[in-house]
Amino acid sequence: MTTILTRMGDGYSVEMTPEELRADLAAGSADAARRGKIPVLEADEYDYLYEMFASPTRIWGVERGCEAILTKDGSTNSLYSAQLSSGVGLPLSREQAFRTFERAFAFDTMEVGHFDYSAKPSKPIVVLEQINAEGVLHNCIIPVYYGFMPNLGLYYRPDGPFPNPSDLLPRGQIAEARAATEEALEMCRQDVIWLTEKMAEVGADGINYDTTASTGDGEFLATLQAVEWAAKNTDLSIEVGMAAECVLGFHGELTYDGERLAGMWPHQQLKVVEKAGAHVFGPVVNTNSRKSTPWNLARAVTFVKAVSKEATIPVHPNVGMGVGGVPMFELPPADVVTRCSAAMVMIGKADGL
Amino acid sequence: MGGIRTTGDLVARMQMTRKMRLPEAKRYVAEKLGLSITEISDSTVMRRVREELDIGIITAVAGAAKGLEAKARIADLLGIKINSVERLKRKMGQSSVG
Numbered sequence: 001m002t003t004i005l006t007r008m009g010d011g012y013s014v015e016m017t018p019e020e021l022r023a024d025l026a027a028g029s030a031d032a033a034r035r036g037k038i039p040v041l042e043a044d045e046y047d048y049l050y051e052m053f054a055s056p057t058r059i060w061g062v063e064r065g066c067e068a069i070l071t072k073d074g075s076t077n078s079l080y081s082a083q084l085s086s087g088v089g090l091p092l093s094r095e096q097a098f099r100t101f102e103r104a105f106a107f108d109t110m111e112v113g114h115f116d117y118s119a120k121p122s123k124p125i126v127v128l129e130q131i132n133a134e135g136v137l138h139n140c141i142i143p144v145y146y147g148f149m150p151n152l153g154l155y156y157r158p159d160g161p162f163p164n165p166s167d168l169l170p171r172g173q174i175a176e177a178r179a180a181t182e183e184a185l186e187m188c189r190q191d192v193i194w195l196t197e198k199m200a201e202v203g204a205d206g207i208n209y210d211t212t213a214s215t216g217d218g219e220f221l222a223t224l225q226a227v228e229w230a231a232k233n234t235d236l237s238i239e240v241g242m243a244a245e246c247v248l249g250f251h252g253e254l255t256y257d258g259e260r261l262a263g264m265w266p267h268q269q270l271k272v273v274e275k276a277g278a279h280v281f282g283p284v285v286n287t288n289s290r291k292s293t294p295w296n297l298a299r300a301v302t303f304v305k306a307v308s309k310e311a312t313i314p315v316h317p318n319v320g321m322g323v324g325g326v327p328m329f330e331l332p333p334a335d336v337v338t339r340c341s342a343a344m345v346m347i348g349k350a351d352g353l
Numbered sequence: 354m355g356g357i358r359t360t361g362d363l364v365a366r367m368q369m370t371r372k373m374r375l376p377e378a379k380r381y382v383a384e385k386l387g388l389s390i391t392e393i394s395d396s397t398v399m400r401r402v403r404e405e406l407d408i409g410i411i412t413a414v415a416g417a418a419k420g421l422e423a424k425a426r427i428a429d430l431l432g433i434k435i436n437s438v439e440r441l442k443r444k445m446g447q448s449s450v451g
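Those protein sequences? They're chains A and B, same order as listed. For the first sequence, our numbering assigns the number 1 to the initial residue and increments by one for each residue that follows. For the second sequence, our numbering assigns the number 354 to the initial residue and increments by one for each residue that follows.
Rather than coming from a laboratory, the hints here were simulated on the basis of the structure. Keep in mind that the hints are not guaranteed to be accurate.
Some chain A residues close to chain B (C-beta under 8 Å, calculated; not the full set) [stated by the list, open to error]:
1) Gly-65
2) Asn-139
3) Ile-174
4) Asp-205
5) Gly-352
27 Å max Cα-Cα, derived BS3-like pairs, lysine-lysine [stated by the list, open to error]:
6) A:Lys-198 x A:Lys-275
7) A:Lys-271 x A:Lys-232
8) A:Lys-232 x B:Lys-442
9) A:Lys-275 x B:Lys-434
10) A:Lys-275 x A:Lys-232
11) B:Lys-372 x A:Lys-198
12) B:Lys-444 x A:Lys-198
13) B:Lys-385 x B:Lys-419
14) B:Lys-419 x A:Lys-232
15) A:Lys-198 x B:Lys-434
16) A:Lys-309 x A:Lys-275
17) B:Lys-434 x B:Lys-419
18) A:Lys-198 x B:Lys-385
19) A:Lys-275 x A:Lys-37
20) A:Lys-349 x B:Lys-385
21) B:Lys-372 x A:Lys-271
22) A:Lys-349 x A:Lys-291
23) B:Lys-444 x A:Lys-232
24) A:Lys-349 x B:Lys-372
25) A:Lys-349 x A:Lys-309
26) A:Lys-198 x B:Lys-419
27) B:Lys-442 x B:Lys-419
28) A:Lys-309 x B:Lys-372
29) B:Lys-385 x B:Lys-434
30) A:Lys-232 x B:Lys-372
31) A:Lys-232 x A:Lys-37
32) A:Lys-37 x A:Lys-291
33) B:Lys-442 x B:Lys-385
34) A:Lys-37 x A:Lys-309
35) B:Lys-372 x A:Lys-275
Positions of the beta carbon are idealized from the N, C-alpha and C atoms, including for glycine.
Here chain A stands alone, though its shape is the one from the complex (with noise of 0.2 Å):
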């Protein structure tokens, strides 16, 4: 029997029966389509798919014309920091990476950040920051996002001064965490607008709020805010990458423009941020380790193409380890990369990754 050689979410290879294939694209997709109440995937669509991940070919890519953009979380720690963020560990400057990717990688658009990439411990060395951005606007010709995560876990205990929600919550303290979360978020939004200011100043093309929601709908709510500020007070390009796909209630009733925030799927999360004033918007799908790279993938570009469907600012998805239907490796093998970033342009209609 004829078997296709394919990935699972763990990145160990998996063969699968062409019945097994359009059985998991069929199911991922489904998966997506109850969560979301959104479509599920088309014929031509799903054909798509299982020519894509039947082909033996190594690697995948779009058709010509249809090449996209591509934006960056994390800067450019992939190559100077550590494990922590897939880094390689090279002994080069921010300045130096930066320069690297853009002369000898070809990137779109590059990223400076701080090494540990959270707004709070940006602060302190701001300066630092602003240096090093001004460096690359004045030696490179690709756009410069600054990027960091507003990381609303840092400002809770034992990181930050207020009581921690996921210690009062088991404890059924559920005031007290809802204060904590109105609390934190005020002093969270001043430091990205803050930090946000600081970018502004040096002339930086954009600034990049990435992994937004980590600490779920209070810091969604704070990030919002922040974009409002920035779009109403400086020139500089937003984008906001989330941090998972369903925004979690830590607060649970905490509303933007009268909407909800928890709970919040892609294509929601969408229509605040494109309220909020953002320019260019990264919604987040995770990856199932336990199921194939063809079950996430179809799971994915379902949740992206409805992003799409009704985006009127680009979209670009995070396709990278353990989002975007790649696997949750920190070495995620090029056949699927390479496929799932295809699927996200040629069936997502993503404008950029």
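Once you've looked at the hints, dock chain B against the given chain A.
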């Protein structure tokens, strides 16, 4: 899309400054350059075009526009404001007054 090997930086700027979706951003850049959608992603075509327009090329060529020089020309070509170029203009204004 290939960054400065092609027109990835230019298409990205249209997404970033005008919120253009990918097809619209590519059409805009292609029209400004008088090229087709396929050609603006073609490094063979764009190597020559970028050098002729002097908007920055990926290989290290002495005398070719670098950094802010290239971006000032890109801002004019695309009809957009680039923040770092605007800052340079402000600095030059301050210098000439001083």
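Taking the hints in turn, this is what the structure says about them:
Because the beta carbon of A:Gly-65 sits about 5 Å from the nearest beta carbon in chain B, less than 8 Å, this interface hint is met. For the restraint placing A:Asn-139 at the interface with chain B, the shortest Cβ-Cβ distance is roughly 4 Å, inside the 8 Å limit, so the hint holds. The restraint placing A:Ile-174 at the interface with chain B is violated, with a minimum CB-CB distance near 39 Å, outside the 8 Å limit. Given the 8 Å rule on beta carbons, the hint for A:Asp-205 holds: about 6 Å separates it from the nearest Cβ of chain B.
About 7 Å separates the beta-carbon of A:Gly-352 from the nearest beta-carbon of chain B, less than 8 Å, and the hint is met. Taken as a hint, the A:Lys-198 and A:Lys-275 pair is honoured in the structure, with Cα atoms around 24 Å apart against an allowance of 27 Å. Note on A:Lys-271 and A:Lys-232: the hinted pairing holds, with a Cα-Cα distance of about 18 Å set against a maximum of 27 Å. Using a Cα cut-off of 27 Å, the hinted pair A:Lys-232 and B:Lys-442 holds, with the two alpha carbons roughly 23 Å apart.
Between the alpha carbons of A:Lys-275 and B:Lys-434 the distance comes to roughly 23 Å, so the proposed pair stays at or under 27 Å and holds. Of the supplied pair hints, the one linking A:Lys-275 and A:Lys-232 holds, its CA atoms being roughly 12 Å apart against a limit of 27 Å. Our distance criterion of 27 Å between C-alpha atoms is met by B:Lys-372 and A:Lys-198, whose separation comes to about 23 Å. Restraint check for B:Lys-444 and A:Lys-198: the C-alpha separation of about 18 Å stays at or below 27 Å, so the hint holds.
Using a Cα cut-off of 27 Å, the hinted pair B:Lys-385 and B:Lys-419 holds, with the two alpha carbons roughly 21 Å apart. Under the criterion of a C-alpha separation no larger than 27 Å, the hint pairing B:Lys-419 with A:Lys-232 is inconsistent with the structure, at around 32 Å. Proposed proximity of A:Lys-198 and B:Lys-434 is supported: the alpha carbons are some 19 Å apart, at most 27 Å. Between A:Lys-309 and A:Lys-275 the CA atoms are separated by roughly 16 Å; this keeps the pair inside 27 Å, and the hint holds.
Taking the CA atoms of B:Lys-434 and B:Lys-419, the gap is about 18 Å. The hint holds against a cut of 27 Å. For the proposed pair A:Lys-198 and B:Lys-385, the alpha carbon gap of about 33 Å is over 27 Å, so the pair is violated. Between A:Lys-275 and A:Lys-37 the CA atoms are separated by roughly 21 Å; this keeps the pair inside 27 Å, and the hint holds. With a CA separation close to 24 Å, the supplied pair A:Lys-349 and B:Lys-385 stays within the 27 Å bound.
Distance restraint check for B:Lys-372 and A:Lys-271: the Cα-Cα separation of roughly 14 Å lies within the 27 Å cut-off, and the hinted pair is therefore satisfied. A threshold of 27 Å between alpha carbons decides the hint, and for A:Lys-349 with A:Lys-291 the separation of about 24 Å falls inside it, so the pair holds. Taken as a hint, the B:Lys-444 and A:Lys-232 pair is honoured in the structure, with Cα atoms around 24 Å apart against an allowance of 27 Å. Using a Cα cut-off of 27 Å, the hinted pair A:Lys-349 and B:Lys-372 holds, with the two alpha carbons roughly 16 Å apart.
The hinted pair formed by A:Lys-349 and A:Lys-309 meets the criterion: a straight-line CA distance of about 8 Å does not exceed 27 Å. For the given pair, A:Lys-198 sits about 25 Å from B:Lys-419 by alpha-carbon distance, which is consistent with the 27 Å threshold. Taking the CA atoms of B:Lys-442 and B:Lys-419, the gap is near 17 Å; set against the 27 Å cutoff, the hint holds. A hinted pair counts as satisfied when its Cα atoms are at most 27 Å apart, and A:Lys-309 with B:Lys-372 qualifies at roughly 15 Å.
Distance restraint check for B:Lys-385 and B:Lys-434: the Cα-Cα separation of roughly 16 Å lies within the 27 Å cut-off, and the hinted pair is therefore satisfied. Straight-line distance between C-alpha atoms of A:Lys-232 and B:Lys-372 comes to about 15 Å, which keeps the hinted pair within the 27 Å bound. The hinted pair formed by A:Lys-232 and A:Lys-37 fails the criterion: a straight-line CA distance of about 33 Å is larger than 27 Å. Annotation: proposed proximity of A:Lys-37 to A:Lys-291 holds, straight-line Cα distance about 21 Å (limit 27 Å).
Distance check on the hinted pair: B:Lys-442 and B:Lys-385 sit about 24 Å apart at the alpha-carbon level, within 27 Å; holds. A hinted pair counts as satisfied when its Cα atoms are at most 27 Å apart, and A:Lys-37 with A:Lys-309 qualifies at roughly 14 Å. Proximity of B:Lys-372 to A:Lys-275 is assessed by CA-CA distance (about 13 Å); at most 27 Å being required, the pair is judged to hold.
Violated hints for the displayed structure, listed by number in ascending order: 3, 14, 18, 31.
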